[in-house]
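Q: With the hints as your guide, set chain G onto chain E.
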Amino acid sequence: MLKSFPRGGVHPAENKFSAGNQITKLPLPKTVTIPLSQHIGTPAEPTVQRGDMVKTGQLIGKYKGFVSSNIHSSVSGKVLKVDKALDSSGYKRTSVVIEVNEDIWITKIDRSSDLRKEITVSGDEIINKILDAGIVGMGGAAFPSHVKMSVPKGKKCDILILNGVECEPYLTSDHRLMLEKGEEILVGFRLVMKALNVKKGMVGIENNKPDAISHLSQIAQQYPELEVFPLKVKYPQGGEKQLIKALTGREVPSGGLPIDVGVVVHNIGTAYAVYDAVQKNKPLIERVVTVTGNDVKKPSNFLVRIGTPLNQLVEAAGGIPAQTGKIVNGGPMMGKAMNSLEVPVTKGTSGILLIPEKESKRKPFRPCIRCAKCISVCPMGLEPFLLMTLTEKEIFDRVEKDKALDCIECGSCSYICPANRPLLDYIRLGKFRVGQIIRNRK
Amino acid sequence: MNSVLLFTIISLSLLGLIAALILYFIAQKFKVYEDPRIDKVEDILPSANCGGCGFPGCRNFAEVLVKADTFDDLFCPVGGNEVMAQAAALLGKEAIEVDPKVAVVRCSGSFEHRPRTNFYDGASNCTIVHNLYTGDTDCPFGCVSLGECVDACDFEAMYMDEKTGLPVIIDEKCVACGACVEACPRDIIELRKRNKKDRKIFVSCINEDKGGIAKQYCAVTCTGCTKCFKVCEYDAIIMNNNLAFIDSEKCKLCRKCVTECPTNAIHEINFPPRRIKIETEAKPGEGEQISTKKVSNN
Chain E
1 MLKSFPRGGV
11 HPAENKFSAG
21 NQITKLPLPK
31 TVTIPLSQHI
41 GTPAEPTVQR
51 GDMVKTGQLI
61 GKYKGFVSSN
71 IHSSVSGKVL
81 KVDKALDSSG
91 YKRTSVVIEV
101 NEDIWITKID
111 RSSDLRKEIT
121 VSGDEIINKI
131 LDAGIVGMGG
141 AAFPSHVKMS
151 VPKGKKCDIL
161 ILNGVECEPY
171 LTSDHRLMLE
181 KGEEILVGFR
191 LVMKALNVKK
201 GMVGIENNKP
211 DAISHLSQIA
221 QQYPELEVFP
231 LKVKYPQGGE
241 KQLIKALTGR
251 EVPSGGLPID
261 VGVVVHNIGT
271 AYAVYDAVQK
281 NKPLIERVVT
291 VTGNDVKKPS
301 NFLVRIGTPL
311 NQLVEAAGGI
321 PAQTGKIVNG
331 GPMMGKAMNS
341 LEVPVTKGTS
351 GILLIPEKES
361 KRKPFRPCIR
371 CAKCISVCPM
381 GLEPFLLMTL
391 TEKEIFDRVE
401 KDKALDCIEC
411 GSCSYICPAN
421 RPLLDYIRLG
431 KFRVGQIIRN
441 RK
Chain G
443 MNSVLLFTII
453 SLSLLGLIAA
463 LILYFIAQKF
473 KVYEDPRIDK
483 VEDILPSANC
493 GGCGFPGCRN
503 FAEVLVKADT
513 FDDLFCPVGG
523 NEVMAQAAAL
533 LGKEAIEVDP
543 KVAVVRCSGS
553 FEHRPRTNFY
563 DGASNCTIVH
573 NLYTGDTDCP
583 FGCVSLGECV
593 DACDFEAMYM
603 DEKTGLPVII
613 DEKCVACGAC
623 VEACPRDIIE
633 LRKRNKKDRK
643 IFVSCINEDK
653 GGIAKQYCAV
663 TCTGCTKCFK
673 VCEYDAIIMN
683 NNLAFIDSEK
693 CKLCRKCVTE
703 CPTNAIHEIN
713 FPPRRIKIET
723 EAKPGEGEQI
733 STKKVSNN
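For the protein sequence lines, the chains are E and G, in the order given. In terms of the working numbering, the first sequence has 42 at position 42, counting the first letter as 1, and numbering is strictly consecutive. In short: position in the second sequence from 1, add 442, done, that's the working numbering.
Any given hint could turn out to be false.
Said to hold, decoys possible - Under the rule of at most 30 angstroms between Cα atoms (straight-line distance), these lysine-lysine pairs were calculated in the DSSO-like manner: (1) E/84 - G/657; (2) E/92 - G/657; (3) E/361 - G/605; (4) G/657 - E/30; (5) E/199 - E/3.
No wet-lab data here; the hints were simulated from the structure. In this text, all values refer to a predicted model and were calculated from it rather than measured experimentally.
Pulled out of the complex, with its shape left as it was, chain E reads as follows (with noise of 0.2 angstroms):
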């Protein structure tokens, strides 16, 4: 019986069209946008200005406070200037953009494609690596890793998962990543287990990518420390807390952190920039993003650097198809549709995807007709039917009270509604109403 997280839980269609396609690499964009906040946090603070020369790899913006991250220029070139420029929610956001010349990269990085497994650095090395190579969670939320990296005192983490699942539809990134950079992956996941100093590690992959399970097992029989679960094919088993609770059988508490049970996970993403930003002095400028969708004449997987602009991606795969309704930041459960694609590729990109016309409208929403079917896909045990009436009716301490911040947003109880109901917007305006409430108490 394979391992799952108990409660909860849905089956959307997987469609993953790129999963056989390799990564390749994209021809430099002629200018690049890097927005100084790609992270959770306080942005960056621009360390270069207007008419500059950057190389590759440069720091071009400093990180501010502990919750925050380095930025560095992907590309080497002129920086043009240092504005605000759109994000894929139409906002603008202060941003470096830079005309691209040559490939100039900072000396100090290795470009070589050599595989270096050894570890030679000590782990608070290694902390101090991640924090400068401005590495964040390259899953989605882009929280900034060298945080999950610190262990507040009093607490002891003994478990690292590794986060192969990848249970979005349509999403492949980090599936030919497993395949492609497997040792890579793995020498980075040693790494921050030795810098989190902890012994035993888990790499959770979803049993839909058995040539990405056998190909990691294979090379995990090296490292004693490390072994390889296939997972059952369920969504969002890629969530944080309900990997931890398929792997480890520990719950993360209420509020709570996955530090709080003694355990962190990362990213397939994230453990292949630690490899580069540790072993290679390569801080992370670049990306592997997903472009897909039903009608994509060649739904591929590309290495880009951080700022190419999506267009030029959705060029190389062959363009937007006719009758596109709909183009999504990420994958169908809980990506966001754009309204343009001049908008950069950021850290926490992880896939483009073209929804055809007929597929990309919402039906009009019913009353609730109390099935309960959204209770019975919530992975956190909520009931989303409830929060959001409380949240129409704005009965916000209800809205508390029955822990609508513990919601992951995964999207389940929208996906399942036969009423079509937008449980999910109407949630995460009740967690948002709950933190203003609670940030005026103190």
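A: Then chain G, alone, in the frame of chain E:
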């Protein structure tokens, strides 16, 4: 037969009397003293329970008024100066005159002026849209046209204009309670000084983008060109972040800025037609008088 009836009446009356006595003594025992003035003040207050004063309801505000030493920062926008004066007279305190206010919508990006670039079919709630993305136009500041402010209004002083997709405030009904200001996630609605005959001059835009960018998605945006700023004789216009703002306290309603604005972002409302304006402007030359006063003060 009669005795049964009699017995029933007497026994029930006795029971009732005993219960009444118990209730009376308990009520006496656990009596909470309440300032009788609170009830009186509450009677004066409009009983709208709108929260415009900053307190949960009229009763609560009455308690605060009775306890307060002075009426600084305490004001009932619905009742206005009249009600506050009555309450002050009752409590033997001094009411502070506050200029009446009215809400204005600072966005004029109607369907005609601000084209819709995408189609939103999610939950019909402004805050949800605002937290998600810019909305169905490309303007990250403007109205998202879903009417959360209208829902928040307790006085039926607002409605959504279906032709423009913008909320409209009915001046006569607006009591400036500020519920719509709170409700709007984009801070489009502002409370401004209510002038004579509800005349209003305001910049109907809060877009802080650079003029060139803003004009791409809205024809009636404030571009921050500073023309109005230069023409204003009363220093009533403040330029900040590519946006002009007219201070309603300083504005003398001369309407010079309105004609100057190249994008018609400055609105004049409830004024007589322009023809008469030329007469009034030519007549007294108010502006000059005030400006000379200023010089002499310096």
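Q: Each hint: holds or not?
A: To see whether the hints hold, each was checked on the structure:
Annotation: proposed proximity of residue 84 of chain E to residue 657 of chain G holds, straight-line Cα distance about 16 angstroms (limit 30 angstroms). Of the supplied pair hints, the one linking residue 92 of chain E and residue 657 of chain G holds, its CA atoms being roughly 16 angstroms apart against a limit of 30 angstroms. Restraint check: the Cα-Cα separation between residue 361 of chain E and residue 605 of chain G comes to about 24 angstroms, which is no more than 30 angstroms; the hinted pair holds. Between residue 657 of chain G and residue 30 of chain E the alpha-carbon distance is near 26 angstroms, which keeps this suggested pair within the 30 angstroms criterion.
Only pairs whose Cα atoms come within 30 angstroms are accepted, and residue 199 of chain E paired with residue 3 of chain E is accepted, the gap being roughly 21 angstroms.
Comparing the model with each earlier hint shows no violations; every hint is respected.
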